[in-house]
Each structure stands twice: as structure tokens, then as C-alpha cells.
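Student: Residue numbers (the working numbering), protein chains in the order written: chain A, 15 to 439; chain B, 15 to 439.
One or more of the hints may lead you astray.
Footprint (simulated), chain A over chain B, 3 or more residues, beta carbon under 8 angstroms [to be verified]: (1) 239-250; (2) 265-276; (3) 334-340; (4) 346-360.
In silico negatives: residues of chain B with every beta carbon more than 10 angstroms from chain A [stated by the list, open to error]: (5) R76; (6) R78; (7) L89; (8) E95; (9) G97; (10) V102; (11) R164; (12) E234; (13) R255; (14) G299; (15) P375; (16) I419; (17) D422; (18) A429; (19) E436.
Residues from chain B that face chain A, not an exhaustive set, calculated with beta carbons under 10 angstroms [said to hold, decoys possible]: (20) V83; (21) L120; (22) E130; (23) I139; (24) D141; (25) E282; (26) Y378.
These are computed hints drawn from the structure, not numbers from a lab. For each residue, glycine too, the CB sits at the ideal point set by N, CA and C.
Number of protein chains: 2
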Amino acid sequence: MHHHDDEIDTARTQPAEVRTDRIEADYILETRHDPHQVAMVMAGEQSSGTFVALPTETEELRERAAARVESLVPLEDTPSESGVMHRVKVTLSWPVESVDTSLPNLMATVAGNLFELNHLSGLRIVDLRLPSPFAVPYPGPKFSIEGTRRLTGVHDRPIIGTIIKPSVGLTPEETGDLVRELCQAGIDFIKDDELQADAPLSRFEERAQSVMRAINDHAERTGKKVMYAFNVTGDLDQMRRRHEIVVGLEGTCVMASLNSVGLVGMIELGRFAEVPIHAHRNGWGYLSRCPTFGWSYKAWQKVWRLAGADHLHVNGLDSKFAEENESVIASALTCLTPMFATKPCIAMPVFSSGQTVRQPPATYAALGSPDLIYAAGGAVMGHPDGPMAGVASLRDAWDAAMAGIPLDAYAVDHAPLKRALEAFD
Amino acid sequence: MHHHDDEIDTARTQPAEVRTDRIEADYILETRHDPHQVAMVMAGEQSSGTFVALPTETEELRERAAARVESLVPLEDTPSESGVMHRVKVTLSWPVESVDTSLPNLMATVAGNLFELNHLSGLRIVDLRLPSPFAVPYPGPKFSIEGTRRLTGVHDRPIIGTIIKPSVGLTPEETGDLVRELCQAGIDFIKDDELQADAPLSRFEERAQSVMRAINDHAERTGKKVMYAFNVTGDLDQMRRRHEIVVGLEGTCVMASLNSVGLVGMIELGRFAEVPIHAHRNGWGYLSRCPTFGWSYKAWQKVWRLAGADHLHVNGLDSKFAEENESVIASALTCLTPMFATKPCIAMPVFSSGQTVRQPPATYAALGSPDLIYAAGGAVMGHPDGPMAGVASLRDAWDAAMAGIPLDAYAVDHAPLKRALEAFD
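Excised from the complex, chain A in its bound form (with noise of 0.2 angstroms):
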């Protein structure tokens, strides 16, 4: 599928930021017409435009308001039984002084109407680039890496994380009992499954209670201090209430389902969180992963760094679901590029799904950075010998990758990496 490869920009440098006052947006379109004169209807709908010309819309308004197409490059068509497919990256700006630096704002204006166009045959935003005032009203991460490696403990090396599995039915009680079972094991990170909230079968505060009450043990006994991801995606009274129990719990950190909150419930949470805030995606395959229409996450990740998400779901390597290696990489390293030169906004990329000791020597090659958190839920539970085996392979494969030595040499002399390398083939 060639169009993720215009999509995907590995470079970290890039200049992220605008110099100029206006939003500018990127897309990939497809159409059968004179790609120039789409790309005119599209700055049209998404800014003075109407289908008839009218009296009001004079020059000078044009001038002081209208969508500008800034830049057209043709990509390759695709020949097909009814005419040429012309392909093109687009790029649109808009004036500041038109749209506001409103995020759900925004949202109307680069990702309105315009992908209903009858005039075209696929569009994918790809790339969004905000201009500075955007850095002023939203708080952005408040933690990012620095904060959560502060609250972890964890420096120099990956988090070593796991989600709760099964994913809904344990009771509070069946869930802390699992808890105190990984902070034994020497897990750094874990997170409430993101179908698991206030259910009748675990209400939030049980489950929130049973689980702080395993780690503060666990953290006066050891001094290590395990972070957990409390599912508070629900209403704003729940998200705010929920918090509220986490942070009176020392909970260190709190998650919402992106998709399911939409960006007013993000930026409230951003506004209010006293702790981190681990964001997933669930529901991106739903936004992604038609080839022809859709968000790009280089795109879509910016508005929900900016809103306050620290932690960001990027999928993993080799993973259980249809996206691409080096797509996973790509959303990574965006995650990890700066967004302005005052306020980085910097989200520490989340590997998760079907992750095990095999992935991290490609992840470290391939990203470059330890600053990431690594998820993984049957590697943990599911190792031969038991989670504790599992969690030290986890980070016996992260040592050997970091080092640039082989799985298999590193093995040799550490058994539970040993083991996992022959059950997680």
C-alpha cells in the first residue's frame, strides 16, 4: 500500500513548528479530476466557499480570510479500467485571525467536510503544523517522559509494562491480587484494559482501592513505587471523580480512551490531571486504516499532544494487528519530536499488542531511544516460569538490544531470557 509510504517520515529533526501566522494542513488525494482545481474546491469548502458565487464574497474577504493552497506536489498515478487516478500531496493554510487557536475549532477546519467532496476519490490528512499562539491556551503533557521516568523511577531503559488480563470480569479483589503477583515480579508500569472502567463486576473505586492498597505495600516495603494506569474514560463528572479517587489512593497515573472522550473530555482532563495521563487509541483503526480516506497519526497525534496526552499507543512491532512496521516507527518517532520550540509536547510512545522479548533489538534500532513504555501482556504472565522470569526477559532483551548484542548470545548467560526465547517464537 504505496500511500503509507508518503505518509511516513522517519526524521525526528524536522522543524515542526510554523513561521508564519497561518495553520497549515497536508493531505494525499486522489481524484479523477484536474487535481489543481480539486485542491481550489477543497480551500473553497473548508473556508469562504459556497457552490454559488455570491455577492458578499468579495476580494478583499477573500484576501483576509480564505484557505490558500499552498503547495501541490503530484505523486504517482494510478492507471485503472475508468481513467487516471491522479495522486498529490496537497498543502493547505489557513489564516489564524479566521479559525481561532480553538483545538475542536481546528478540528472543523482541517477535518471537516472536505472529505465528502464528490470531486475526489480518497483523502488522508497527513501532516497538520500549528503556528506558535497555538502553544498558549493548552496546558499539553505535564509530565511527558521526565515526569514519568520521575514517578517510575525508571532511568536509561524502557518501562516495563503489562495490562490486566483477562480484560474485564476479574473482581477488584481478583484484580489487586494480580497487582501485588506483577509488583513482585518487578513490573514498572500497568494498565486497566480499556474495556474495564465502572462496570457493576469491578466498580472503579473497589478495584482503584484493592490495586493502590498492593502497590503502596508493595512500595513501602521496596521503595519502588509501581505505576498504574487507571481507566477513567467515562463522563466528565466520572473522569473527574475517578481522578479524584486515583490521586487520593498516591495513584501516579490515569488513562482515557482518546476516542471515546473526544478532544472537549482530553483537554478537561489535560486541565485538571495531577498525574500523568495515558492516552489510547482505541478506535484508530476506524480513522487509519482505509488506504484512501482517513488521518494520518503524524497528523492526528498533535492535537491530543497538545491537549495533555503524556503517554501515546503507537501499536508495536510485529504485532497482532494489520498495521506496518515501519508505521509503528514513524507514529513513534512523531511522538517524540518536538511541536514548538517553547512547548515540545513531547508523549512517550506506548509498544504494546502481541509484544514479547523478540521485538526490542528492531524497536531500539529502529527508534533510536530508550524513552518509550514497552506493554507487554502474555510475555509477563505467560513465561514458563512465571511472571517474575517474565518481566526480568523483558528487560534481559532490552539490556541485550541497547547493548547491540544478539537475543541469542545475551541468552547464554541469563536463563529467563533463555526461556522466553523458546516459548515466544
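Using the hints provided, position chain B relative to the given structure of chain A.
Tutor: Here is chain B on its own, set in the frame of chain A:
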């Protein structure tokens, strides 16, 4: 695109409420694998499952918490180069006890990670049935059709509306002048463009004051209060403040872009709104236009109605957008279909985008109801004899449609319609 046929159910009278205490969702699944097996993977991914069998996932736990595959109906398979692509309609169900009645948590359950599973090549969520406990925590539309008719004084025919164009660029004074002209032209309803919110070029408060001065003057003089949907889309505090301004100026409607504010934003607005909520679906294209992935409107709109949407956009027949006519009608019908016996949550469908005098006959024939807002931009302002004739021509067209008289025949002694038919073909 045959997927549309499977989604569209034009019956307005299907039982909308689930008889059990389970949540049900229907999907159109495309896969090269065994569809039964993929459906089981979907159910697992969206409830208790993980990719490694865990000792904690007992039979009893699965019984109380797991999703079930309720049915699997084969649709037409598609032969392709690399083997047969199976197409099936899958119905999954979940016990309310493992999800709870929170709409954001519902989203993560019915539309979470499953779109990313690599066992499937296509997945659309095409319907959603919620058990009655969901009707309790959410307000649903507070005004619906009845309240909108009461506030506008328009009965037994569609509400004729228009949109402020150019979309952005007019000053508050220019907008007020345009509204004054539209009031004099006999319009029932006017809306902000979704690109217009609170930009420096047209600050919300100034625009609202200017617009409501025109509307209140007109109402005092004529007794007719035009409904204006002010775009309150923004952060939560911005939405609250703008809503207060509207209510303080005796405005009768607010508008929000659903995909911009998200579910928490809409739920909050639904709770505090004292006037009808005009729900704009811009961005709908990136959720729906892909043939194989995404959402059907039938599933999607239920969530927003329950959250409080009084008016819901459905495009219009023969619009400038890519949506097919039968899909537009199916969307409108589903807005008019009760959700719960005790709380029907009916939303008034809004027809817009390239609407002129041409579409009313087919629209009325297909919908069988005048309970809609018919919004036209160019057909009002661009009428050769001016906006008053524009509004009159749309009223004529609807009178003709509802009386079953062909437009050409009706136009013989209705000059505004006659001129419009010449101008808009």
C-alpha cells in the same frame, strides 16, 4: 458499492430496543479467513480475551463477562486474485454488567481495537442496540421535533433554513445585516457555518449581539422568531460561556460539531443546554466514506441522540457530496425511529448541501414526513429575484411535494418557484 445495500434498512418501524440486558452491535465483516473464527476473535478482543491462554481466564469468568457471537449471516462473497473474500454480517453482544451504561465506555467496547485486527480485511459497524438502562443517565434531545416547531412556530411543513455564507470572513455587523435581510425574506432557520466560531474576524459575542438584534427586532415587528443556530463548538468553558450569551440574548438554538467536541463535550452540552442543539457532523467523511472500514450512520447517530442532539445533519439528495441518495434517506429515517419505548430520542434530520427547489418531491416521497430542516444556501441568496423569492420558492416546492403536484405544474401560478426552476437545474 454493495456494502451500502446491506446497511440500509429503510423501514422506520423496526423494534429499536433490545429485549435483554445485553448490548448488541452489528458489523459487516470482510475476511479471507474463516468468518466464524474471526467473529470469535472479535468477541474475545472486545471482552475477556488475550492472545495467550491465561490461568485466570476461567469458564465462569467467561460466562459472566465475555462477549458473545449472537449471529453470523453470510453475504455475497467477493472472489479476488488471492482467494475468496468472505463477507458476513456479524452480531456481537455484551452483558451490561461488564460494560456499564456509560456512553464513552460503550464506544471502547463496540468500536475499539477490533478494527485493527489483522484477521480481517474490512469492518464496518452498521447498527447498535442498547438495553433500556442506557436511557437513564443521559438526557436525550430535550426539544426534538416538537420543541423546535414550538420555538419556530412552524408546523405541518419542513422548517426552511439557510446558512451564513461566505462561511468565514464577514464581520459581526455584516452578519447581522445578512440576518436582517434573511428575516425579511421569510426564513425560518439560519445557522452559522461550522467554520465560524469565535475567530478574531468575527468574535462570538459581537456576532451573537448583532444577529439577535436583527432577529429580535423582526420578531417584535412580525411575531415571527427566526431560529439561529449559533456555533458554540469549542472547549468546555467556551461552550458554556457561548451558550450563556445565546440564552441571555433570547436566542433559541446552539450548534456543535460532534467530531470536534467529542462525546464528553456533547454529553456536557446536552446536560446544560436550555435551547435545542443543532448537531453538525462535519468530519463524517473520514468515519464513513471508506467502503470497507468505519461507521454507518445508523449506529453512529444513536450515541449522539442519547447524548442530546436535537437536530442531526444527514446531507441531502443530489448533494455536492459523494453520499448516495438512498443512504441519505436511510439516515434521515433512522433519526426519526424511536430508540427506547420510554425515551424515543427522536432527532430532527437536517437536509443540506446543494439543496434547491429540485429535491423536495423525492425527499418527501422517500421520507413520508415533513419533520425535517431543509437548509439551502445558494438557493436562497442566489435566487434571481433575491432572497425573499428564494425562500418563497422553497416553500412552494415543499407545498407542491406534499400535495403530490409536479413542480412544473405547480410553478405555473407560483412565480418564485418558476424562476427558481429556470435558475437551478
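Student: Hint by hint, say whether it matches the structure.
Tutor: Here is what the structure says about each hint:
Only residues whose C-beta sits within less than 8 angstroms of a C-beta in chain A count toward coverage, and the segment 239-250 of chain B has 4 of them, enough to reach three; the restraint holds. Counting residues of the segment 265-276 of chain B whose CB lies closer than 8 angstroms to any CB of chain A gives 5, which reaches the minimum of 3, so the coverage claim holds. Residues of the segment 334-340 of chain B with a Cβ under 8 angstroms from some Cβ of chain A number 4, which satisfies the need for three, so the listed coverage holds. Coverage of the segment 346-360 of chain B by chain A is violated [criterion: at least 3 residues with CB-CB distance below 8 angstroms; count 0].
Listed as outside the interface, B/R76 is inconsistent with that label: its C-beta sits roughly 7 angstroms from the nearest C-beta of chain A, within the 10 angstroms cut-off. Interface exclusion of B/R78 from chain A breaks down, the closest Cβ pair being 6 angstroms apart, not more than 10 angstroms. Listed as a non-interface residue, B/L89 keeps its Cβ farther than 10 angstroms from every Cβ of chain A; the least gap is roughly 19 angstroms. Once the 10 angstroms rule is applied to beta carbons, B/E95 is consistent with being away from chain A; the minimum gap is 15 angstroms.
No beta-carbon of chain A is positioned within 10 angstroms of the beta-carbon of B/G97; the least distance is around 17 angstroms. Consistency note on B/V102: stated as away from chain A, and its beta-carbon is indeed over 10 angstroms from all of that chain's, at 18 angstroms minimum. Under the 10 angstroms C-beta cut-off, the non-interface status given to B/R164 relative to chain A holds; the minimum distance is some 29 angstroms. Non-interface call for B/E234 relative to chain A: holds, since the shortest CB-CB distance, roughly 26 angstroms, exceeds 10 angstroms.
With a least CB separation of 12 angstroms from chain A, B/R255 remains clear of the 10 angstroms interface cut-off, as annotated. A cut-off of 10 angstroms between C-beta atoms contradicts the statement that B/G299 is not in contact with chain A; the least separation is 3 angstroms. Distance check on B/P375: its Cβ is at least 21 angstroms (rounded) from any Cβ of chain A, clearing the 10 angstroms threshold; non-interface status holds. B/I419, annotated as away from the interface, keeps every beta carbon of chain A farther than 10 angstroms; the closest lies near 27 angstroms.
Under the 10 angstroms C-beta cut-off, the non-interface status given to B/D422 relative to chain A holds; the minimum distance is some 22 angstroms. Remark: the non-interface label on B/A429 is consistent with the geometry, its nearest Cβ contact in chain A lying 20 angstroms away (cut-off 10 angstroms). Against chain A, the non-interface label of B/E436 holds: every CB pair exceeds 10 angstroms, the least being about 15 angstroms. With a least beta-carbon distance of about 17 angstroms to chain A, the hint placing B/V83 at the interface is violated under the 10 angstroms criterion.
Taking 10 angstroms as the C-beta contact cut-off toward chain A, the hint placing B/L120 at the interface holds, the least distance being around 8 angstroms. Checking B/E130 against chain A: minimum C-beta separation of about 4 angstroms stays under 10 angstroms; hint holds. Interface hint at B/I139: satisfied, since its Cβ lies 8 angstroms from the closest Cβ of chain A, which is below the 10 angstroms cut-off. Because the smallest distance between the Cβ of B/D141 and any Cβ of chain A comes to about 15 angstroms, over 10 angstroms, the interface hint for this residue is violated.
This hint holds: B/E282 has a C-beta 6 angstroms from the nearest C-beta of chain A, less than the 10 angstroms allowed. With 10 angstroms as the threshold, the beta carbon of B/Y378 stays out of range of chain A, its nearest partner Cβ sitting at about 23 angstroms, so the hint is violated.
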